[in-house]
Structures are given as structure tokens and as C-alpha cells.
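Top to bottom, those sequences are chains A and B.
Read in the working numbering, the first sequence has 304 at position 92, and its numbers run on one by one without any break.
Read in the working numbering, the second sequence has 132 at position 133, and its numbers run on one by one without any break.
Keep in mind that a hint or two might mislead.
Far from chain B by the CB rule (all over 10 Å, computed), these chain A residues [to be verified]:
no., residue
1, Ile-222
2, Lys-233
3, Lys-241
4, Asp-288
5, Thr-344
6, Thr-361
Below, in silico cross-link-like pairs of lysine to aspartate or glutamate (DMTMM-like), each with a Cα-Cα straight-line distance of 20 Å or less [said to hold, decoys possible]:
no., chain 1, residue 1, chain 2, residue 2
7, B, Lys-11, B, Asp-56
8, A, Lys-360, B, Asp-10
9, B, Lys-122, B, Glu-133
10, A, Lys-356, B, Asp-83
11, B, Lys-51, A, Glu-238
12, A, Lys-233, B, Glu-133
13, A, Lys-356, B, Glu-107
14, A, Lys-216, A, Glu-248
15, A, Lys-335, B, Glu-45
16, A, Lys-241, B, Glu-24
17, A, Lys-359, B, Glu-43
18, B, Lys-109, A, Glu-289
19, A, Lys-216, B, Asp-69
20, B, Lys-51, A, Glu-293
21, A, Lys-219, A, Asp-312
22, A, Lys-359, B, Glu-45
23, A, Lys-271, B, Asp-56
24, A, Lys-359, B, Glu-24
25, A, Lys-233, B, Glu-107
26, A, Lys-334, B, Glu-107
27, A, Lys-233, B, Asp-83
28, B, Lys-150, A, Glu-293
29, A, Lys-271, B, Asp-7
30, B, Lys-150, A, Glu-289
31, A, Lys-356, B, Glu-92
32, A, Lys-219, A, Glu-247
33, A, Lys-220, B, Asp-69
I should point out that these hints are in silico values taken from the structure, not numbers from a laboratory.
Small disclaimer: the values here were computed from a predicted structure and weren't measured.
Idealized CB from N, CA, C, for every residue including glycine.
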Amino acid sequence: MPTKLEKKIIAAIQGDMPVTKRPYLEIAKRLDLTEETVLEVLRDLNNRGVIRRFGVTLKHQNSGFRANAMVAWRVDEARVEAVGGIMAAHQAVSHCYRRDPMEQWPYNLYTMIHSTDEAGCKKIAESLSTQTGVDDYAVLFSRKELKKTSMQYFEDEID
Amino acid sequence: MPVKPITDDIDKAILNLIQSDFPMEQRPFTCISDTLAPEIKIGEAEIIQRVKRLKKDGIIRRIGGNFSPDRLGFVSTLCAARVDEQHLKRFAETVNQFPGITHNYIRENKYNVWFTIIAPSRKHIEDILSSIREKTGITDLMNLPATRVFKVRAHFKLPTGDTAA
Chain A
213 MPTKLEKKII AAIQGDMPVT KRPYLEIAKR LDLTEETVLE VLRDLNNRGV
263 IRRFGVTLKH QNSGFRANAM VAWRVDEARV EAVGGIMAAH QAVSHCYRRD
313 PMEQWPYNLY TMIHSTDEAG CKKIAESLST QTGVDDYAVL FSRKELKKTS
363 MQYFEDEID
Chain B
0 MPVKPITDDI DKAILNLIQS DFPMEQRPFT CISDTLAPEI KIGEAEIIQR
50 VKRLKKDGII RRIGGNFSPD RLGFVSTLCA ARVDEQHLKR FAETVNQFPG
100 ITHNYIRENK YNVWFTIIAP SRKHIEDILS SIREKTGITD LMNLPATRVF
150 KVRAHFKLPT GDTAA
């Protein structure tokens with residue numbers, strides 16, 4: 213678990229950082245810390261993989277990848293490791309997870325696929341199907357974004 | 000909001016550099032200037048101007064950290080619900096009220112609402128789902144936590160110049 217100091221800094225950088233010459237100095241002042249401490253803790257969190265990614269988040273629809281599809285695959289359990297590995301290696305696949313199948317929902321492998329349009333997403337799914345031999349799958353296009361935010365961790369740690 | 004494609008190659012080069020590795024240095028924008036290809040001769044001040052503009056234009060959603068929930072002592076899951084048209088609005092409103100529900104989409108399927116939850120424990124997640132069932136009367140609701148992670152990436156390489164596909 214993160215220390216109190218780490219929680220404070222995590223809470224400060226999980227939102228939107230200031231775009232100024234010395235953003236870490238501004239953050240440090242707000243937290244009553246030194247710039248050096250903020251940077252040291254950040255580098256350490258980054259090296260340990262607690263920070264998964266540090267930087268700019270783009271709005272997908274503006275980045276040329278306008279379409280995305282969640283594809284749910286029904287994979288023979290004995291082949292899940294191999295198939296998951298193949299799918300994860302595809303550069304159009306941003307996320308790939310195994311989840312337990314349900315009685316009413318038999319799929320057990322999930323990928324997020326990104327492309328310029330929906331036809332492109334379908335083509336990538338077809339190609340992954342051919343590559344892996346998994347032919348039972350559902351392509352779920354998003355029709356409406358109801359919510360998209362970043363998780364706010366340790367918000368009460370700031371003051 | 001109208002879609003503004005990113006057309007400027009220098010903007011793309013900057014964005015490609017700072018999606019995963021925004022410099023953790025006193026003067027991050029100077030570092031970016033030093034890291035850009037030598038033929039791109041722009042300094043700290045211009046990079047700051049460009050990043051500010053990209054934010055103003057809504058191309059950049061935010062700049063900051065993204066965390067592995069499990070490394071912070073949190074757990075996460077994906078949930079799917081089957082909700083008929085007339086209950087959709089109320090269901091979405093109820094679900095969106097929970098701060099741990101970070102993503103929520105309508106998808107084209109009989110399971111038409113898909114959302115993610117991040118919470119301090121599995122028990123918290125079960126409690127949130129019970130509360131949703133109770134408040135909305137929607138009971139066909141699946142909790143699908145990942146049992147194996149093959150890939151998590153949210154970096155989109157923007158093709159520049161002649162390399163555009």
C-alpha cells in the first residue's frame with residue numbers, strides 16, 4: 213500500500229497537471245513539499261509500476277482512431293493462454309483480458325480493438341479469428357458514452 | 000462536439016512523445032524540446048503554447064498519471080447489464096452516480112450497458128451492484144472481473160508525414 217506521502221502526490225497528479233514551465237514546482241507548493249520530493253516520489257512510483265502511464269490522455273475520436281469495439285471471444289480454456297498472447301500482440305488491440313464465462317454469456321476472452329472506422333474494427337476481428345481459429349465471438353460497438361472519467365484515489369489525503 | 004483531427008506533424012510528434020512518458024524533470028517541456036527529432040527546432044515556450052492549444056481544442060483530455068488499481072490496494076471489474084429502452088435513462092443515471100464507476104457505455108448487444116468499477120475490495124463491488132439492482136429493478140447484471148491480464152495499453156501512436164497509413 214502507498215505511504216501517506218505517496219497518496220498525497222498520487223491524489224495531486226491523477227487529475228490534470230498545469231501546463232507551465234515548472235509544473236512540479238506548482239504541485240509541490242500546493243502540497244507544501246519541495247519540487248525535488250515530488251519528483252523523487254513520482255520517479256519511484258513510476259519505476260515500481262504503480263504509475264502505469266504518465267502523460268497525455270487523448271480524446272480517441274480526435275486521434276484518428278475514431279472507432280473502437282469490444283470483442284468477446286469464446287475460447288477453449290486449454291487454449292486461452294496461447295490465444296490471449298496472440299491477440300495481445302496485435303497492435304490494434306489495446307486491452308486483452310480473460311474473464312470467467314457466465315451461464316447466459318459464454319465468452320471468456322475480451323479485447324478492445326481500435327481502428328479508423330467500424331468496418332476496420334470488424335476486419336481486425338476477422339483477422340484475429342482466422343489467426344487463432346476462434347470463430348465464436350461477439351463484436352460490441354459502443355453506441356453512446358455515458359461516462360468516462362479517471363478514478364479519483366485518496367482524494368481526502370490532500371489536506 | 001465536432002471532431003478535429005490532428006493534422007500538424009509537430010503536434011503529432013509532441014503527442015507521441017508525451018502519451019506514456021511525460022518527463023519527470025524540473026523543466027519537462029525543455030526535455031521534450033531536446034528529445035524531439037533534430038529537424039524539429041522548437042523550444043520550451045512553443046511546446047507549452049502548442050500543448051495549451053491542444054487542450055483548448057479538446058484534443059488532449061488531460062495530462063497526469065494513470066495507475067494500476069491493484070498496486071494502490073484497489074480492485075476492478077467489468078460489468079454488463081441488460082436494460083430495456085424505457086429504463087435506460089434511469090439506469091445510466093443511477094450507475095453514473097458511483098464515483099468508482101469510471102467508464103460506462105451503451106453497446107450494440109442484448110447486454111447493452113457496459114461499465115467498469117474500481118473499488119477498495121470485491122465486497123465494495125458487490126455492494127455497489129446490489130444497490131444498483133435495488134434502485135433500478137434491473138437484475139440481469141453480470142460481474143466479470145478479469146482473471147488474467149494479457150495487455151493494457153492506452154497509447155495511440157499518431158502516424159506522421161509519409162508514414163501515415
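Handout entry: Violations among the numbered hints
Key = 1, 2, 6, 8, 12, 15, 17, 18, 20, 21, 22, 24, 25, 27
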